[in-house]
Every structure is written in C-alpha cells, then in structure tokens.
Amino acid sequence: MAFTRKIGFVAAAVFAAVAIASPVLRAEEPPGFAEAPSPERQNWSFSGFFGTFDKPQLQRGFKVYKEVCSNCHELRIPFRTLGQPGGPGFSEDQVKALAATYTIHDGPNLAGDMFDRPGRASDYFPPPFPNPEAAAAALGAVPPEMSLIAKSIKFERGFPNFVFDALPIPGLGIYQEVGPDLIYAILHGYTKEDDPNWNLYFPGHKIAMAKPLADGQVDYTDGAPTTLSQYSKDVAAFLAWAAEPTLEVRKRVGLRVMLFLFLLAGLVYFAKKRVWSDVAH
Amino acid sequence: MHGLSTFEPKNGFVKWLEARLPILSFAHGSFVAFPTPKNLNYWWTFGGILSFMLIAQIVTGVVLTMHYTPESTLAFGSVEKIMRDVNWGWMLRYAHSNGASMFFFAVYIHMFRGIYYGSYKSPREVLWILGVIIFLLMMATGFMGYVLPWGQMSFWGATVITNLFSAIPLVGDDITVWLWGGFSVDNPTLNRFFALHYLLPFMIVAVVALHVWALHVCGQNNPDGVEVQDIHKDCVPFTPHATMKDSVGIAFFLILYCWFIFYIPNYLGDADNYIPANPMKTPAHIVPEWYFLPYYAILRSIPNKLAGVIAMFAAIAILAFLPWLDTSKVRSGKYRPIFRIFFWIFVASGIGLGYLGAMPPEGGYVLAARILGVVYFGFFVVVLPLLGLFEKTTPVPASIADAVLARTGSASSVAASAASAPQTKG
Amino acid sequence: MATATTVEPTRRDFLYIATGAVAAVGAAAAVWPLINSMSPDASTLALASTELDISAIPEGQIVTIKWRGKPVFVRHRTAKEIADSEAVNIATLPDPQADSARVQKPQWLIVVGVCTHLGCIPIGHAGEYDGWFCPCHGSVYDTSGRIRSGPAPRNLEVPAYSFLTDAKVKIG
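Each protein sequence line maps, in turn, to chains D, G and H. Using this note's numbering, the first residue of the first sequence is number 1, and each one after it goes up by one. Using this note's numbering, the first residue of the second sequence is number 282, and each one after it goes up by one. Using this note's numbering, the first residue of the third sequence is number 708, and each one after it goes up by one.
It is possible that some hints are incorrect.
[Stated by the list, open to error] Simulated crosslink set (BS3-like; lysine-lysine; CA at most 27 Å straight-line):
no., chain 1, residue 1, chain 2, residue 2
1, H, Lys875, G, Lys362
2, D, Lys206, D, Lys55
3, D, Lys206, D, Lys154
4, D, Lys251, D, Lys273
5, H, Lys773, D, Lys96
6, D, Lys154, G, Lys562
7, G, Lys610, G, Lys673
8, D, Lys96, H, Lys777
9, D, Lys96, H, Lys875
10, D, Lys55, G, Lys362
11, H, Lys812, H, Lys787
12, D, Lys66, G, Lys514
13, G, Lys362, H, Lys777
14, D, Lys96, D, Lys66
15, D, Lys96, H, Lys877
16, H, Lys875, H, Lys777
17, G, Lys673, G, Lys362
18, D, Lys206, D, Lys66
19, G, Lys610, G, Lys514
20, G, Lys362, D, Lys63
21, H, Lys773, H, Lys877
22, G, Lys362, D, Lys154
23, D, Lys154, D, Lys251
24, D, Lys66, D, Lys154
25, D, Lys154, D, Lys63
26, D, Lys154, D, Lys55
27, H, Lys773, H, Lys812
28, G, Lys562, D, Lys211
29, D, Lys206, G, Lys610
30, H, Lys875, H, Lys787
31, D, Lys96, G, Lys362
32, D, Lys273, G, Lys514
33, D, Lys96, D, Lys63
34, H, Lys875, H, Lys773
35, D, Lys55, D, Lys96
36, G, Lys362, D, Lys251
37, H, Lys877, H, Lys812
[To be verified] In silico negatives: residues of chain H with every beta carbon more than 10 Å from chain D:
no., residue
38, Leu722
39, Ala730
40, Ala736
Keep in mind that the hints were calculated from the coordinates and are not lab data. Just so it is clear, the structure is predicted and the values come from calculations on it, not from any experiment. Backbone N, C-alpha and C define an ideal beta-carbon position, used for all residues, glycine too.
The following block holds chain D by itself, in its conformation from the complex (with noise of 0.2 Å):
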C-alpha cells in the first residue's frame, strides 16, 4: 500500500508543481488565446451516466439548424438517422416527407442523363454550396461542415480541470460536453454591437460567421420561449446528437457493463482468495 501512496503523492506533487509554475512558465500567450474566457458549463439532458437526448429539443434544434445554419453549413447525415431510436424521433413518415422536399442530383439514368429527383430517406442532406471553393466565393470562408462540430471543437481545460473532467464524480466530472458548451457560448458571443465579425469566445475573437441567430428569429410550435438562449441551446443539442447519434445506446450498455464488471471483478477476487488461502504470500 506504501507503494501505491507513493506513487500518488509523487504524481500529485510533480502536477502541482508543474501546474502551479505553468502560468509562470508560459512566457507569452499565443495571439487570440489572451482573453477568451472559458464557456460556462451548461446542464444538458445527455450528461451523465443515464444522459439521454431530449427529443423535442432535438427537434427544436434541428429546426433551427434547417431555417438557419443549413443555408451555409452542410450537414452530412442521411434523412434516415432522424428517425434512428436514440434521436429526435421523428416517425417513418415524417422522415419520408421531410426528405421528399428536398432535390437531390442523382443519375446517370438508362438514357446516359443526369437528372434531380426528391429526396429519400437513404439519401444524405444536400450541401448548401456544389463545392467547397464554391461556399468560399460566395462567402469568404468556407463554413465548416456541421456533422460533427460538437466533438472536433474544444477549448482548454487546464490543470486541474482536466483531471477532474475524467472522474466520475457526477457534476464535477465525466465532462464530455466541451464542444457543446463552446457552440453555445460562441452563438452568445456576440457582444460587440458595433462589429457582427467579433466574439468573446471565439478564439482569436475574429470569426467569419456574423450572429446568425436573435431572438424571435425562429417559430417554435411546443410553446418552447423563442429566444437567443433556448435556440442556442437547442441548437447545440441537436449537433451534439449528429455529431454522436450513438450516445444513449452507449450510455445505456455501459451501465450495464460495468455492472456486471463490478460482480465479475468481485467474484475473481473472492475466488482468488480462497485459491491463495493456504499459501502464504
């Protein structure tokens, strides 16, 4: 038991140390990192051991994500996953319907002919722009692809933050939800009027997105308040989920899991023990 103390207290001193000395250490912040504060962290539906995604918000999200982002940001999942268990729910039919309404280039046909049909529910969302160069042009930058932005984006944790992120100290810990944190902080971030290009929480603050989204801008029909923060929230919901449609399934086998992992680990070890009760060791 000493040894494992050791190696504890060791560990501990050597993090304390470094983490103490590393804003002593660090001898100039890169450019841009300066004063972006750290989001805040939201309460969200899908943290946590039993997370699970709320389906209305979801499909407030997906709302918002069709009026608003889908006009720059494509969005590569397939129609079909809207309707997968563990999503917004959507039934067959809403599905079917939703992906009729769109046009999608498909071909060729027996004449050799390219040609548009409505969508089906195996086909993906159509791109916004026919290519990347093309978004550029019109837009100056090419908006980043949206399936998933909640996971490739992220902010610094630091020490100790991110050791405690790890630990499954429910509040405190298992913090997966950085990039939906961030999504909704930076739809908030738009806190200079006079410059629709410049966000708190952006790094670098320079960001090529102007404020997409204001209050009252898009209808809900479940009595939902229209406003910035349930659209950004919502919104930030909805690309968690496409970013990992798999998460209730996850979360649901996992306590399974370790529930059987906890009965098997002490069984072994009880096992082990009458094995070694007669030698001593």
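Following the hints, complete the assembly by docking chains G and H onto the known chain D.
Below, chains G and H without anything else, positioned relative to chain D:
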C-alpha cells in the same frame, strides 16, 4: 525451469498426440505447473493485463479492418460510417482507440515495475531487451494506427513524425520522400501505414512469445529480488494461483478500460482529429497521443533539429542498456533506500515531461523540459552507475520463503495448507 | 495443492463455478458485437429499394438494373412469350409454379438475375425456351424465369416490387 507437477496423460488420444506433437505437455508445463514465486504482488499482474490487451486490440482491429477503407478520400468517412452505421461499430472503434491508451498505460506500469525491482538484471537481460523491442513495435503500431482515421491530427502527426527522418544528414530528405511515397503525406503513405499497422501487431505477438520464452527460462523476478532456491518452498504453481491473481488484475483493469469506452471515450483523443485531414491547414497545436508526450517534450526542448531527434530516440534506446548501466549487486529496489528516492524522481520526471509535451513549446516550458530531460537521462547515465558503487543497501533475505516468513510471521508450506484445508470445506 | 476430494459440491466449489459461469457469460456477451458487426449495416439496409422508369423499355427487351448489388432483369414480354409461359403444364416443371404467380402484370416479368444453382448471371434470349441460359453449368430458364433443365434447383427469384404508376416500378 522444472515444473511443480508433471503431465501424465491417461487419455488414449492425448497419449497419441503427445507422441507426435507434445503441445499439451508443453502448455501444461508453461501455464499450469510453471513455478511462480509466491511473493509476487499485484504489479506483476500487468504482464497478464498486457497479454489481454494485445489480444483485445488484435480482435477489435481485425473486425474494424472489415469496415475501414485505407484510401485518403474515403478513410475519414469510413471511420464515421463505423461510428454511425455499423452494428456496434461505435463500441469497437472506441474500444480500439482507447485500447491503445490502456495498452500503453499498462506497459508503462510494467516497465516501471521492472525498473523498481531490478527485473532487467542478470540473468534477465535478454528478457528485458525483448521487452524494449516490444515497446518500440508498440510505438510504431500506435503511431500508424493514429494516422488511419485521416483526421487533422492524423495527417499532421504523420507529417511531423515522418519529417523527423529528414534530420538525418545527407540522405534525410530522400528517406522522407521514400517513407511518404510522394512529396508529402498522402494516399501512398496512408496505404503503407495501414499495411504496417496490420502487420506489426503480429510481429509483437512473435516477440511476446520470445519474451515469455525467455521469462520461462530464467523464471520470474519477484519483489524481494532473490532467485528461487527451492521451488517447493518458494513457489506456487502458475495455475490456479497466478492465473487467478492475473484474472483479478485483468478484471479491475477492465473496469477502468470500460469506463473510458462507455463514458469518456473522447477524453484521451484530440478534438482536431474529428476534422478531416486538410493538407493546406495546420492545427494551432500539434500534440501527439498522450503516451508519446514525454519523448515529444524531449524532442522539442532541444533547439537543434538533428540533436532533438537523436535525443528523442536515445531516450527510448537507453532502456536497452539498463542491465549494464545499473551496477548494483542488489536487485530489488525494496532493499535499496537511495535508489528508491531516485526512482521516484525518475518517475516524476517522466510524468512532468509528459505534461510539458502537451504544453506549447515556448518560454519556461522549454526550460522546464530541458531540466527534466537532464533528470531523465541523468538517472540512467549518472545515478544508476554510481549508486551501485556507493549505496548502502539493507539486508536481503536469503530466500523467498524467508522473506515471506519475515513478513507474515507464519511458516508456510504445502503441508500446512493441507492441514488447514478440511476447515475451509463447509 | 489441496484439491477437494468430496463428492458433494462445497461452498468453495460454488464460488469457483459461479466465477467461471459469470466470466463465460461475459466472454459470450463480448463476442456478440464482433459477430453482429459483420451483418449489413444501417446504410446498407436503408438502400433496400430502387426505382425504375419502365416506359422506355420496348417490347421484347430485357433491361438489367442493380438492386442490393445484384442484377435484376426487367423483361417486357411479347404476347407470344406470355402465351408460351402460360401454356406450360406446371406438373412437368422441376419447381412447379404458374406464370400468373410470378408476375403482377403479364407483360412485365421482374426476376433477380442470379442463377439458383451457384450464383452466376444467366444470358437473356438464349436457351431452348428463349428465356435465359446460364453459361456456367448449363441451366435453362423459360420466359417466366422458371428452371426447365440443368442443375439449378429453383426458378429465378421474384423480388418484392410494386408499380408506383404504370411507368414506374419500385423494387424492394
């Protein structure tokens, strides 16, 4: 080593097979009757844990290969398809990517354990060097595997690491072009990395077989660092004793592993790797996977390109010389009070270098990495050679049985256990 | 080692059996995802149907389209081919099936173009009955896609399909 029991086939088929291929008696001798020092602690279960992880990585990897496409325009999408569409694909992929981290976590503990208890000392030098080769193969495999998803960090990690070879004088640039199969990291690079990523694990299996063979020739070291004198007094049979103890280690390790797979699967990965590779745009901070960070810190702490690369490779290569750098006659750190202090400083320098490897290469971080780099190398080239000459060690027990007796205060023998056995039967 | 010599199971045995049983269940559960991952994935299952405009197919012609990675023959049958198919005494067939059971509209025969022997693609407008002839092992099909001679055991498979309009058919 002679076993604790003999294999006597009674079954006719087994006798027939034994006369032609004595594989069953070999397996019995190696994994059942094999004498295991009875004073082994739980740090010794990491060998079993590593075997388990090697098999887990190969099994999940082979299945993932069935769904993965090693082509630069399709690779990223095929990994996302695994995550979204393939049945249980998300679990296999997270198990494989986190499995790599768990594998390295276990191997580092295994190595530190070997250093603490002097497991590399005569007659186990070859056993130790085979371990260093396995570690090198693991690093190559882990690095190439990280390239396969073809995200931003895959691409730029591959670019940075392959550029290390351009530091070689005269032929460096040619070698780099040869490694790439082009003038930059591109589809040919991805293809060959995939081929090698599939090949190397089986080479690891082969070297592990040699590692286990060497282990079975010399027998296991143990926490007291004294050789086995009487297998009946000092040892227990591998099965069931060591197998059960290893199972406990594996079961608890699985809890940690599954915690990562199911609850924090992206904790150890880099967010940038969820952005498809873009050869025209470098991420703000290029950081390797955590298990390479200490070496990465050493590389960056030296301002000269060639010297940095040499220092990084030397940090790994020096491990192979450990049996001859450590001059102490006493094997186990348990009886070496001064060594113990330096050992923990060494561990701390490794962890500290790991932390610095993740920080931006600027200001005080570089200085701190230099200091810790000196500590790291100093342990091998200054402390270990000199300690053996000057350190006053504490008395080493005459045998494993004596060591156990001194600790538990009770005689232990098979006879005693036989006497106590009836009581345990309810 | 002290091995139990008693015949009755002891508490000690129970612990070992329970541990072994739980470990076996865990191993089996861990194997399932590996096996199941090899079944068709969600994207493959979603592509289970395909649509075809048949208005451009002239009488007497066979068009081959791809469905689930396999060829599907869409044959616009002539009046003679329909009459020949319907006239057959089904009792004489290796795999007895009336022509009417194989078509929704008599002029359109839709069958999976995979020989029921060993999976080769038969050639259209060939063989004794001018239906299909499989070049691999000599199976002969008639204009209803039924096996008439050769090693194939069954008639060409009729996929699930429906006419969305007179000109449009959806297969799958």
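How the hints compare with the structure:
1. H:Lys875 x G:Lys362: violated (32 Å)
2. D:Lys206 x D:Lys55: violated (34 Å)
3. D:Lys206 x D:Lys154: holds (17 Å)
4. D:Lys251 x D:Lys273: Answer violated: Lys251 of chain D to Lys273 of chain D is near 33 Å, above 27 Å.
5. H:Lys773 x D:Lys96: The given pair, whose Cα atoms are some 23 Å apart, holds under the 27 Å limit.
6. D:Lys154 x G:Lys562: Holds, at about 17 Å.
7. G:Lys610 x G:Lys673: Holds: Lys610 of chain G and Lys673 of chain G sit about 11 Å apart, inside 27 Å.
8. D:Lys96 x H:Lys777: holds (25 Å)
9. D:Lys96 x H:Lys875: Judged against 27 Å, a Cα distance of about 18 Å means the pair holds.
10. D:Lys55 x G:Lys362: Within the cut-off at roughly 23 Å; holds.
11. H:Lys812 x H:Lys787: Holds. Lys812 of chain H to Lys787 of chain H sits at ~15 Å (cutoff 27 Å).
12. D:Lys66 x G:Lys514: The hint is violated at about 75 Å.
13. G:Lys362 x H:Lys777: holds (22 Å)
14. D:Lys96 x D:Lys66: holds (16 Å)
15. D:Lys96 x H:Lys877: Answer holds: Lys96 of chain D to Lys877 of chain H is near 15 Å, not above 27 Å.
16. H:Lys875 x H:Lys777: holds (20 Å)
17. G:Lys673 x G:Lys362: violated (61 Å)
18. D:Lys206 x D:Lys66: holds (25 Å)
19. G:Lys610 x G:Lys514: Judged against 27 Å, a Cα distance of about 24 Å means the pair holds.
20. G:Lys362 x D:Lys63: holds (25 Å)
21. H:Lys773 x H:Lys877: Measuring from Cα to Cα gives roughly 12 Å; hence the hint holds.
22. G:Lys362 x D:Lys154: The given pair, whose Cα atoms are some 23 Å apart, holds under the 27 Å limit.
23. D:Lys154 x D:Lys251: The hint holds at about 22 Å.
24. D:Lys66 x D:Lys154: Cα-Cα ~24 Å, so holds.
25. D:Lys154 x D:Lys63: holds (25 Å)
26. D:Lys154 x D:Lys55: Between Lys154 of chain D and Lys55 of chain D the Cα gap is close to 25 Å, so the pair holds against 27 Å.
27. H:Lys773 x H:Lys812: The given pair, whose Cα atoms are some 21 Å apart, holds under the 27 Å limit.
28. G:Lys562 x D:Lys211: holds (25 Å)
29. D:Lys206 x G:Lys610: Given that 27 Å is the threshold and the Cα spacing comes to 64 Å, the pair is violated.
30. H:Lys875 x H:Lys787: holds (24 Å)
31. D:Lys96 x G:Lys362: holds (21 Å)
32. D:Lys273 x G:Lys514: holds (20 Å)
33. D:Lys96 x D:Lys63: Distance of about 16 Å is within 27 Å: holds.
34. H:Lys875 x H:Lys773: holds (16 Å)
35. D:Lys55 x D:Lys96: holds (18 Å)
36. G:Lys362 x D:Lys251: holds (20 Å)
37. H:Lys877 x H:Lys812: holds (14 Å)
38. Leu722: Leu722 of chain H not clear of chain D: closest Cβ-Cβ about 5 Å, inside 10 Å.
39. Ala730: Its Cβ does come within 10 Å of chain D, the nearest being 6 Å, so this is violated.
40. Ala736: violated (8 Å)
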